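Novice: Read off the chains here:
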Amino acid sequence: NAGVTQTPKFRVLKTGQSMTLLCAQDMNHEYMYWYRQDPGMGLRLIHYSVGEGTTAKGEVPDGYNVSRLKKQNFLLGLESAAPSQTSVYFCASSYGSQPQHFGDGTRLSIL
Amino acid sequence: AQSVTQPDIHITVSEGASLELRCNYSYGATPYLFWYVQSPGQGLQLLLKYFSGDTLVQGIKGFEAEFKRSQSSFNLRKPSVHWSDAAEYFCAVGGVWNTGNQFYFGTGTSLTVIP
Numbered sequence: 001n002a003g004v005t006q007t008p009k010f011r012v013l014k015t016g017q018s019m020t021l022l023c024a025q026d027m028n029h030e031y032m033y034w035y036r037q038d039p040g041m042g043l044r045l046i047h048y049s050v051g052e053g054t055t056a057k058g059e060v061p062d063g064y065n066v067s068r069l070k071k072q073n074f075l076l077g078l079e080s081a082a083p084s085q086t087s088v089y090f091c092a093s094s095y096g097s098q099p100q101h102f103g104d105g106t107r108l109s110i111l
Numbered sequence: 112a113q114s115v116t117q118p119d120i121h122i123t124v125s126e127g128a129s130l131e132l133r134c135n136y137s138y139g140a141t142p143y144l145f146w147y148v149q150s151p152g153q154g155l156q157l158l159l160k161y162f163s164g165d166t167l168v169q170g171i172k173g174f175e176a177e178f179k180r181s182q183s184s185f186n187l188r189k190p191s192v193h194w195s196d197a198a199e200y201f202c203a204v205g206g207v208w209n210t211g212n213q214f215y216f217g218t219g220t221s222l223t224v225i226p
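Chains as they are written, first to last, in this note's numbering: chain A, 1 to 111; chain B, 112 to 226.
These aren't lab readings, by the way, just hints derived from the structure by calculation. This one's a predicted model, so the numbers in the text were calculated from it and none came from an experiment. Incorrect hints may have been included.
Derived contacts from chain A toward chain B, CB cut-off under 7 Å, selection only [stated by the list, open to error]:
hint, residue
1, P99
2, F102
3, D104
Listed below are the simulated BS3-like cross-link pairs for lysine-lysine, each with C-alpha atoms no more than 27 Å apart in a straight line [said to hold, decoys possible]:
hint, chain 1, residue 1, chain 2, residue 2
4, A, K57, A, K70
5, B, K172, B, K160
6, A, K70, A, K9
7, A, K57, B, K160
8, B, K160, A, K71
9, A, K57, A, K14
Note that CB positions come from ideal geometry on N, CA and C, so glycine has one too.
Between the sequences and the hints, there should be enough to build the whole structure, so can you do that?
Specialist: Written out as structure tokens, the structure reads:
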């Protein structure tokens, strides 16, 4: 009963490098979300998806791209990492307006 | 625009004492309301939710919350705090279709429990 799984759990990047964060859910949820969590700022929505093949921008989308090629997966990409993207990233999924299920997070440091 | 305010950044209570965490929201209609808890190094876990009906909702771990429409508030309460309740607590609103299925989170309240 995995729920929402995020990989990797930790990563250190150099400025300008690229990487992809993977989120997988096994609950057949339609909606998936990527958030970043920074001290004193709560969770801020980066991008979200309301179904396979669809994506939409959230509150802080700049510098990130996403893809939802399969219903169970939601990928978050950083094309050219910047120190300002150092954060903890959370993926969540939900069924309609029901509460979200969260992964355990990815701790990303950009040097 | 929708927003959620948690006025208390940090709260310290003694074990066994009662607890109330405040949450105010700004929204054009009655929203769906949630409280989540986050332990260090973990994701967020749902404590309780309010969709409609009885304005006093019960959640897990002995928590409850009361929706007050006139005050645009959804405060979280627990009659007797345990040391294991020390964590970060987030209030959230949204989930309805006309918000684009987005959820809006407060900035969180950190709870410290002292023996």
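Novice: With the threshold set at 27 Å, check whether the alpha-carbon distance from K57 of chain A to K160 of chain B stays at or below it.
Specialist: holds (25 Å)
Novice: Holds or violated: F102 of chain A as interface residue toward chain B, Cβ cutoff 7 Å?
Specialist: holds (4 Å)
Novice: So if I understand the rule, the pair passes when the alpha-carbon distance is 27 Å or less; does K70 of chain A with K9 of chain A pass?
Specialist: Distance of about 21 Å is within 27 Å: holds.
Novice: With 7 Å as the cut and Cβ atoms as the points, is P99 of chain A at the interface with chain B?
Specialist: holds (5 Å)
Novice: Mind checking the CB of D104 of chain A against every CB in chain B and telling me if the closest is under 7 Å?
Specialist: holds (5 Å)
Novice: Would the pair K57 of chain A and K70 of chain A pass a check requiring their Cα atoms to be no farther apart than 27 Å?
Specialist: Measuring from Cα to Cα gives roughly 18 Å; hence the hint holds.
Novice: Run the distance test for K57 of chain A versus K14 of chain A: straight-line Cα separation, threshold 27 Å.
Specialist: holds (25 Å)
Novice: Assess, step by step, whether the Cα of K160 of chain B is no farther than 27 Å from the Cα of K71 of chain A, and give holds or violated.
Specialist: holds (26 Å)
Novice: Decide if the proposed pair is consistent with the structure: K172 of chain B and K160 of chain B, CA atoms, cutoff 27 Å inclusive.
Specialist: holds (14 Å)
Taken one by one, the earlier hints all hold for this structure without exception.
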